[in-house]
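Build the full structure now, drawing on both the sequences and the hints.
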Amino acid sequence: MAITLQRARELFDLVNRKLCCPASSPSPCIPFLYPDDGCWGRAHEMCRLIIADGATPRKVWIYGNLRVDTANNPSCNVRWGWHVAPTLRVSTGSGSQTYVIDPSLFDRPVQQSTWVSVQGDASATTASTDASVFYRAYNGSVQYDPTYSETRAVLTRYRNILKLRSASSNGPPPYFNCLTKPRGVQWFGTIGPRQTHRWYTWGWPSSWHVFWTIMPLTQCPGGPQLTWTVQVERASTSQCTYWIIVKNLTSDSVKFEGRYDILKR
Amino acid sequence: MRTGVQWIGTIAPGETRRWFTWGWQASLHVVWYLMPTSPRSGAPQLDWDVAVERANSSHCTYWITVKNLTSHTVRFEGRYAVLS
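Top to bottom, those sequences are chains A and B. For the first sequence, the working numbering begins at 3 and goes up steadily by one. For the second sequence, the working numbering begins at 54 and goes up steadily by one.
Hints are computed from structural coordinates only; laboratory data are not their basis. Positions of the beta carbon are idealized from the N, C-alpha and C atoms, including for glycine. Check each hint, because a few of them may be wrong.
Computed spacing ranges between beta-carbons, pair by pair [said to hold, decoys possible]:
no. : chain 1 : residue 1 : chain 2 : residue 2 : range
1   : A       : T231      : B       : R128      : 24 to 34 Å
2   : A       : D123      : B       : T90       : 54 to 64 Å
3   : B       : R128      : A       : S208      : 33 to 43 Å
4   : B       : L122      : A       : N172      : 36 to 46 Å
5   : A       : Q145      : B       : R55       : 46 to 56 Å
6   : A       : D123      : B       : R128      : 57 to 67 Å
7   : A       : L16       : B       : V135      : 25 to 35 Å
8   : B       : T126      : A       : S119      : 50 to 60 Å
9   : A       : Y202      : B       : I61       : 34 to 44 Å
10  : A       : G194      : B       : T118      : 14 to 24 Å
11  : B       : G67       : A       : M3        : 31 to 41 Å
12  : B       : D100      : A       : G83       : 53 to 63 Å
13  : B       : T90       : A       : R200      : 27 to 37 Å
14  : B       : V135      : A       : Q145      : 45 to 55 Å
Far from chain A, some chain B residues (derived; all Cβ distances over 10 Å) [as the list claims (entries may be wrong)]:
no. : residue
15  : A65
16  : T69
17  : P92
The list that follows gives simulated cross-link-like pairs (lysine to aspartate or glutamate, EDC-like), each with its CA atoms no further than 20 Å apart [said to hold, decoys possible]:
no. : chain 1 : residue 1 : chain 2 : residue 2
18  : A       : K183      : A       : D71
19  : B       : K120      : B       : E130
20  : A       : K249      : B       : D100
21  : A       : K249      : B       : D102
Next comes the structure, spelled out in structure tokens:
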């Protein structure tokens, strides 16, 4: 039965709230920030949550020479031979369309055609199954996991790999080399668990009214991650230096943007 | 720039209390500040800190910790400005 797009958004948010904080990845979170592998475990767990909430998902499987750009891999992309995610039928004015729930690629439900198109293979093939199929090979053979024991094993494996990657020199996702610095961002920073660290930025006209804010880039739902204070030094008659002290309130490393707004020049 | 009042709060004498507001677009530059609505001259009434949580790839939650510096209950507006 088709649902509204609003209901599909609610179900997307329901599963996305289970996202793993990458450095700690406590069970039973879902490691959406490790897009490299483990999609079949994520998809089966998402279907379990969606079914428990009263909806009836299916799954879409795609096979091909797939390549997706992502800031959550240090190489800025991942390559797959296949991929899977839950789907929902969504009512439109003239009928219904299939939407895909895939927080490893998108921040909202997307039409299946959009989901296919970002995977970089125009000749990729797709297949639809019901949600009970845990794994489907290219030749159509299937495996089931009615007790979710295999699902838990897959999620545990990729939670651990995400933790290892986050503890490496790469740090937690996203990766700065994959990001474009937006207007109004002075710097990208990383701050360790419970750490307080000070950054400075010099050469600002002291006649300007400048406001500084911090925004985490590392996703970790559940509580505040960062707080900050600003200090200022009058370096010369015309210029000043801002000192921004950032405090990490969590036990995980956090990447962030240091932002400014010029309120008056 | 766009400004607004997100909530009206009341805080007891000497109390420190935290509020949160969720579902804000992380791409927006938002600042938070308070304004007492209980007049009392002579000394500052409220102090506050802001902390932020990245809830998902596109949204964040702001946590505003408010401290009442006085020996009287203070009612206040929780204000925001979207800078860009």
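Results of checking the hints against the structure:
{"no.": "1", "hint": "A:T231 x B:R128: 24 to 34 Å", "in the structure": "holds (26 Å)"}
{"no.": "2", "hint": "A:D123 x B:T90: 54 to 64 Å", "in the structure": "holds (60 Å)"}
{"no.": "3", "hint": "B:R128 x A:S208: 33 to 43 Å", "in the structure": "holds (37 Å)"}
{"no.": "4", "hint": "B:L122 x A:N172: 36 to 46 Å", "in the structure": "holds (44 Å)"}
{"no.": "5", "hint": "A:Q145 x B:R55: 46 to 56 Å", "in the structure": "holds (53 Å)"}
{"no.": "6", "hint": "A:D123 x B:R128: 57 to 67 Å", "in the structure": "holds (60 Å)"}
{"no.": "7", "hint": "A:L16 x B:V135: 25 to 35 Å", "in the structure": "holds (28 Å)"}
{"no.": "8", "hint": "B:T126 x A:S119: 50 to 60 Å", "in the structure": "holds (57 Å)"}
{"no.": "9", "hint": "A:Y202 x B:I61: 34 to 44 Å", "in the structure": "holds (38 Å)"}
{"no.": "10", "hint": "A:G194 x B:T118: 14 to 24 Å", "in the structure": "holds (23 Å)"}
{"no.": "11", "hint": "B:G67 x A:M3: 31 to 41 Å", "in the structure": "violated (56 Å)"}
{"no.": "12", "hint": "B:D100 x A:G83: 53 to 63 Å", "in the structure": "holds (57 Å)"}
{"no.": "13", "hint": "B:T90 x A:R200: 27 to 37 Å", "in the structure": "holds (36 Å)"}
{"no.": "14", "hint": "B:V135 x A:Q145: 45 to 55 Å", "in the structure": "holds (50 Å)"}
{"no.": "15", "hint": "A65", "in the structure": "holds (22 Å)"}
{"no.": "16", "hint": "T69", "in the structure": "holds (14 Å)"}
{"no.": "17", "hint": "P92", "in the structure": "holds (27 Å)"}
{"no.": "18", "hint": "A:K183 x A:D71", "in the structure": "holds (17 Å)"}
{"no.": "19", "hint": "B:K120 x B:E130", "in the structure": "holds (13 Å)"}
{"no.": "20", "hint": "A:K249 x B:D100", "in the structure": "holds (18 Å)"}
{"no.": "21", "hint": "A:K249 x B:D102", "in the structure": "holds (12 Å)"}
When held up to the earlier numbered hints, the structure conflicts with hint 11 and nothing else.
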